[in-house]
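Use the sequences and the hints to build the structure in full.
Note that the protein sequences, when read in sequence, are chains A and B.
Sequential numbering from 1 applies to the first sequence in our numbering.
Sequential numbering from 1 applies to the second sequence in our numbering.
Rather than coming from a laboratory, the hints here were simulated on the basis of the structure.
Hints may be right or wrong, so weigh each one.
Unchecked claim - Each computed DSS-like pair below joins lysine-lysine, with the alpha-carbon atoms no more than 30 angstroms apart:
#  : chain 1 : residue 1 : chain 2 : residue 2
1  : B       : Lys227    : B       : Lys133
2  : B       : Lys324    : B       : Lys133
3  : B       : Lys179    : B       : Lys164
4  : B       : Lys480    : A       : Lys174
5  : B       : Lys86     : A       : Lys42
6  : B       : Lys63     : B       : Lys333
7  : B       : Lys164    : B       : Lys251
8  : B       : Lys104    : B       : Lys126
9  : B       : Lys324    : A       : Lys42
10 : B       : Lys104    : B       : Lys227
11 : B       : Lys138    : B       : Lys205
12 : B       : Lys126    : B       : Lys63
13 : B       : Lys104    : B       : Lys333
14 : B       : Lys104    : A       : Lys42
15 : B       : Lys480    : A       : Lys158
Said to hold, decoys possible - Take a look, some chain B residues computed to stay more than 12 angstroms from chain A by CB distance:
#  : residue
16 : Asp42
17 : Tyr54
18 : Glu71
19 : Pro113
20 : Ala142
21 : Thr229
22 : Thr238
23 : Gly301
24 : Glu329
25 : Asp360
26 : Asp413
27 : Val431
28 : Val472
Because the structure is a prediction, the values reported are computed rather than measured.
Ideal placement from N, C-alpha and C gives every residue a C-beta, glycine not left out.
Below are the chains, spelled out letter by letter.
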Amino acid sequence: MMKLHFSRKQLCIPYALFLLLFVVIPMLLILFYAFTETVDDKIVFSFANFANFFTSTAKLSTLLMSFTIAIISTAICLLIGYPIAYILARSKFRKKNVLLMLFIMPMWINFVLRITALRELLDLVGLLSSQNYLNTIIGMVYDFLPFMILPLYTTLEKLDNSYLEAASDLGGNKFTVFARVTFPLSMPGVISGITMVFMPSMTNYVVSDTLGNFNITILGKLINEYFTTYDNWHMGSMISIILLVIIFLTMLATGGFKDSNTDARGANLW
Amino acid sequence: MKKRIFSAALAFALLLPFLLSIAGCASSGGGNTVLRVYNWEDYISMPDGEDDEYVDLIAEFEKENPGVTVEYSTFGTNENMYNELKIGGASYDLVCPSDYMIMKMIEEDMVEPFEQEFIENSNYAKYASPYIKDLFEKNGWAQYAVAYMWGTMGYVYNPEIVDKEDLQSWGGIWNEKYKNLTTIKDSVRDSYFLGVAYEYLDELKALQEEYDVTSLDDSDYAAYNEKVTEIMNRTDETTLENVKDDLIDLKQYLYGFEVDSGKQDMIVGRIAINFAWSGDAVFSMDEAEPYTDENGVYHDGIYLNYIVPEECSNIWFDGWVMPKGANVELAQKFIDFLSRPENAVANMNFIGYTSAIAGDEVYEEMLDWYSEGEEGDTDESGAPLVPYDLNYFFEGTGSYDDYVIWVSEESLDRQVAAQYPSEEVIARSAVMQHFDDDTTAAVNEMWEEVKGLPIPVWSYIVIAVIAAGILVIVLTYLYKGRRSEAKPKKGYRVLKKGA
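This is the structure we're talking about:
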């Protein structure tokens with residue numbers, strides 16, 4: 001029998017190839033397009049797109065709108081998701097995996113289908129024709145809630161009970177225990193959840209288009225417009241880069257990159 | 001052993017179709033010509049799987065021309081198609097862009113001209129509507145492009161909710177009365193057209209009084225149409241600025257914008273007015289009206305209407321062009337095939353739009369769909385039928401002397417008017433030219449502002465509150481940090497970190 005033997009390095013080759021083809025090269029292409037311009041069929045280096053973004057009222061308004069929608073959606077997700085994750089994680093209920101499954105199950109249904117169904121539902125309650133912003137936020141929350149619950153659940157479930165017991169032994173009432181021990185210890189999950197919800201809700205224009213009747217423009221929509229109908233890949237790439245920088249900065253600010261945070265490791269998987 | 005033979009046979013049986021297809025490819029590879037067609041989705045008659053109601057035109061063409069294989073692919077937007085050709089990765093023999101893209105491609109010398117023989121003697125020359133051919137000749141496209149489907153733009157509306165009088169003018173939807181009941185297209189060019197029509201309503205009306213044109217034969221038709229075309233193609237700075245304000249103003253009355261959902265929203269009654277292409281209008285009207293199915297069960301519905309407002313309209317079309325390097329001979333053969341009236345009928349049945357091809361079969365199909373009787377007949381309510389004159393479109397393409405159909409008065413607001421606009425409507429319709437690159441950029445920027453502005457005030461408040469919140473958190477953090485670094489209490493000493 002011939003023995004197959006791969007070294008660790010060799011095992012990395014498929015992924016390295018993948019990384020190169022689908023991450024590194026596209027990123028370089030986006031960078032290239034963002035800082036160039038087509039003048040008389042020739043591509044020239046330019047900062048015009050960058051300057052244009054920060055001087056255009058329409059684009060800055062779109063940025064602001066995306067921020068608003070993303071912030072509100074994330075806040076609502078957190079407010080709904082935290083109690084659920086807490087109850088699920090701390091309950092002694094033996095079949096809690098089943099409960100968790102119930103929250104995740106909607107994710108198994110095609111996303112466009114869910115949003116289309118939600119559109120019909122909103123029409124039924126009479127919100128569809130008038131409440132574009134509200135509908136969009138409802139859609140985002142509906143869509144991204146599981147992404148908030150899961151990391152929260154993972155961190156809260158791993159929480160060592162002895163900390164809480166110690167806190168109560170030292171005289172903390174239920175609220176103090178929660179505010180001083182449970183919540184701070186669940187921060188990695190909170191941050192991970194916020195990142196998981198905030199980023200996509202700035203760009204998921206299927207939701208804003210379907211439920212907001214195309215009345216709301218968010219950054220993802222703008223990027224799409226530049227690549228398809230406006231036929232200007234340079235500006236489209238620039239907006240993508242700006243979005244990338246914003247995400248990077250948010251991650252940096254929330255400590256999403258902190259390596260030492262071993263507690264967060266499991267949570268960051270989500 | 002038996003088992004193994006069985007599984008080998010099974011494996012072979014499973015592989016068989018695959019092997020055959022490889023063999024098929026290999027055998028058809030030699031001496032075969034390929035026609036590469038690039039078209040919009042759902043834009044040619046093909047079987048839809050369920051029943052064989054629709055003709056498979058591509059298969060028929062291949063059958064008629066042994067040794068020819070059609071490679072058929074589809075695109076989503078004109079711009080995507082244009083980019084693909086421009087970048088040069090893809091080569092096609094035949095593509096089907098919209099009006100303005102055809103003009104752009106002709107201008108940029110990207111297309112092959114048709115052969116003189118084709119222009120004079122093909123089925124297209126024989127059966128295409130004289131009106132369409134005239135339009136193409138007048139604009140200098142005839143040598144490079146042939147029309148495929150065409151139509152007008154107008155409003156589909158629900159007469160139970162909307163007053164027809166209001167929509168006699170494009171301005172009818174700038175109206176508190178129809179708040180949250182209207183959709184317009186989420187498309188720059190179409191909505192820009194709407195904005196321009198609204199901006200120059202008075203000028204267009206004045207023109208109408210000045211010229212009084214109702215038919216293409218009127219002596220001042222050319223002069224009138226030229227003026228309307230000029231107005232509808234204005235893109236100067238003031239126009240852009242005003243149109244932007246008009247469209248932003250319109251947003252408060254709108255239900256929303258739509259790409260494709262307008263038809264469905266109209267059918268289920270979610271909205272009452274839809275700014276639509278005539279082809280889509282026909283679809284909405286067909287789907288919405290009440291009908292009795294084969295089991296005799298009556299299904300309730302609404303009769304929707306279509307109207308082209310009085311001031312003007314936009315004549316749009318999609319047509320075939322041959323990109324540089326195309327197999328001209330084969331491409332012409334395909335167009336010749338599509339231009340047979342019976343194939344045009346097949347396409348119209350499948351797509352639902354109006355073909356540029358006339359001829360007996362098309363006219364007879366039309367009679368079958370829309371004719372309600374003959375001169376002197378009455379409709380259900382006893383009112384006499386009215387004539388609907390389509391000579392301008394069909395004249396000289398078939399064996400009939402007079403192309404007039406008799407319909408009830410109310411049908412004039414329905415499918416027939418959307419499918420084949422009256423000569424009066426045609427007389428006031430203009431083609432929207434393509435914009436040069438700078439103008440396109442300016443119009444796009446205008447549209448971006450229409451779509452993105454204004455954002456509600458509460459949005460600023462939310463951002464302000466969040467910013468303040470973050471500031472507070474950061475400040476407390478900093479303050480706490482300083483306090484914890486304060487000197488330890490007496491009797492304690494600070495251990496070095498890690499000690």
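Hint check:
Using a Cα cut-off of 30 angstroms, the hinted pair lysine 227 of chain B and lysine 133 of chain B holds, with the two alpha carbons roughly 21 angstroms apart. Our distance criterion of 30 angstroms between C-alpha atoms is met by lysine 324 of chain B and lysine 133 of chain B, whose separation comes to about 23 angstroms. For the hint pairing lysine 179 of chain B with lysine 164 of chain B, the CA-to-CA distance comes to about 16 angstroms; that is within 30 angstroms, so the pair holds. Distance restraint check for lysine 480 of chain B and lysine 174 of chain A: the Cα-Cα separation of roughly 24 angstroms lies within the 30 angstroms cut-off, and the hinted pair is therefore satisfied.
Pair hint lysine 86 of chain B plus lysine 42 of chain A holds up; C-alpha atoms about 13 angstroms apart against a cutoff of 30 angstroms. For the proposed pair lysine 63 of chain B and lysine 333 of chain B, the alpha carbon gap of about 13 angstroms is at most 30 angstroms, so the pair holds. Simply put, lysine 164 of chain B and lysine 251 of chain B have alpha-carbon atoms about 21 angstroms apart, close enough for the 30 angstroms limit, and the pair holds. Distance restraint check for lysine 104 of chain B and lysine 126 of chain B: the Cα-Cα separation of roughly 27 angstroms lies within the 30 angstroms cut-off, and the hinted pair is therefore satisfied.
This hinted pair checks out: lysine 324 of chain B and lysine 42 of chain A have alpha carbons roughly 21 angstroms apart, not beyond 30 angstroms. Under the criterion of a C-alpha separation no larger than 30 angstroms, the hint pairing lysine 104 of chain B with lysine 227 of chain B is consistent with the structure, at around 22 angstroms. For the suggested pair lysine 138 of chain B and lysine 205 of chain B, the alpha carbons sit about 25 angstroms apart, so the restraint of at most 30 angstroms is met. For the hint pairing lysine 126 of chain B with lysine 63 of chain B, the CA-to-CA distance comes to about 23 angstroms; that is within 30 angstroms, so the pair holds.
For the given pair, lysine 104 of chain B sits about 25 angstroms from lysine 333 of chain B by alpha-carbon distance, which is consistent with the 30 angstroms threshold. Taking the CA atoms of lysine 104 of chain B and lysine 42 of chain A, the gap is about 19 angstroms. The hint holds against a cut of 30 angstroms. Proposed proximity of lysine 480 of chain B and lysine 158 of chain A is supported: the alpha carbons are some 28 angstroms apart, at most 30 angstroms. For aspartate 42 of chain B, the condition that its CB be more than 12 angstroms from all CB atoms of chain A holds, with the nearest at approximately 19 angstroms.
For tyrosine 54 of chain B, the non-interface assignment is confirmed: its Cβ lies about 27 angstroms from the closest Cβ of chain A, beyond the 12 angstroms cut-off. A cut-off of 12 angstroms between C-beta atoms confirms that glutamate 71 of chain B is not in contact with chain A; the least separation is 24 angstroms. Every Cβ of chain A is farther than 12 angstroms from the Cβ of proline 113 of chain B; the closest lies at roughly 23 angstroms, confirming the non-interface assignment. Non-interface status of alanine 142 of chain B relative to chain A is upheld: no Cβ of that chain comes within 12 angstroms, the nearest being about 27 angstroms off.
A cut-off of 12 angstroms between C-beta atoms confirms that threonine 229 of chain B is not in contact with chain A; the least separation is 24 angstroms. Listed as outside the interface, threonine 238 of chain B is consistent with that label: its C-beta sits roughly 19 angstroms from the nearest C-beta of chain A, beyond the 12 angstroms cut-off. Distance check on glycine 301 of chain B: its Cβ is at least 18 angstroms (rounded) from any Cβ of chain A, clearing the 12 angstroms threshold; non-interface status holds. Interface exclusion of glutamate 329 of chain B from chain A stands, the closest Cβ pair being 31 angstroms apart, more than 12 angstroms.
Once the 12 angstroms rule is applied to beta carbons, aspartate 360 of chain B is consistent with being away from chain A; the minimum gap is 40 angstroms. The non-interface label for aspartate 413 of chain B is consistent with chain A: the shortest C-beta to C-beta separation is roughly 25 angstroms, beyond 12 angstroms. No Cβ of chain A approaches the Cβ of valine 431 of chain B within 12 angstroms, the least distance being about 20 angstroms, so the stated non-interface status holds. At roughly 15 angstroms from the closest C-beta of chain A, the C-beta of valine 472 of chain B stays outside 12 angstroms, upholding its exclusion from the interface.
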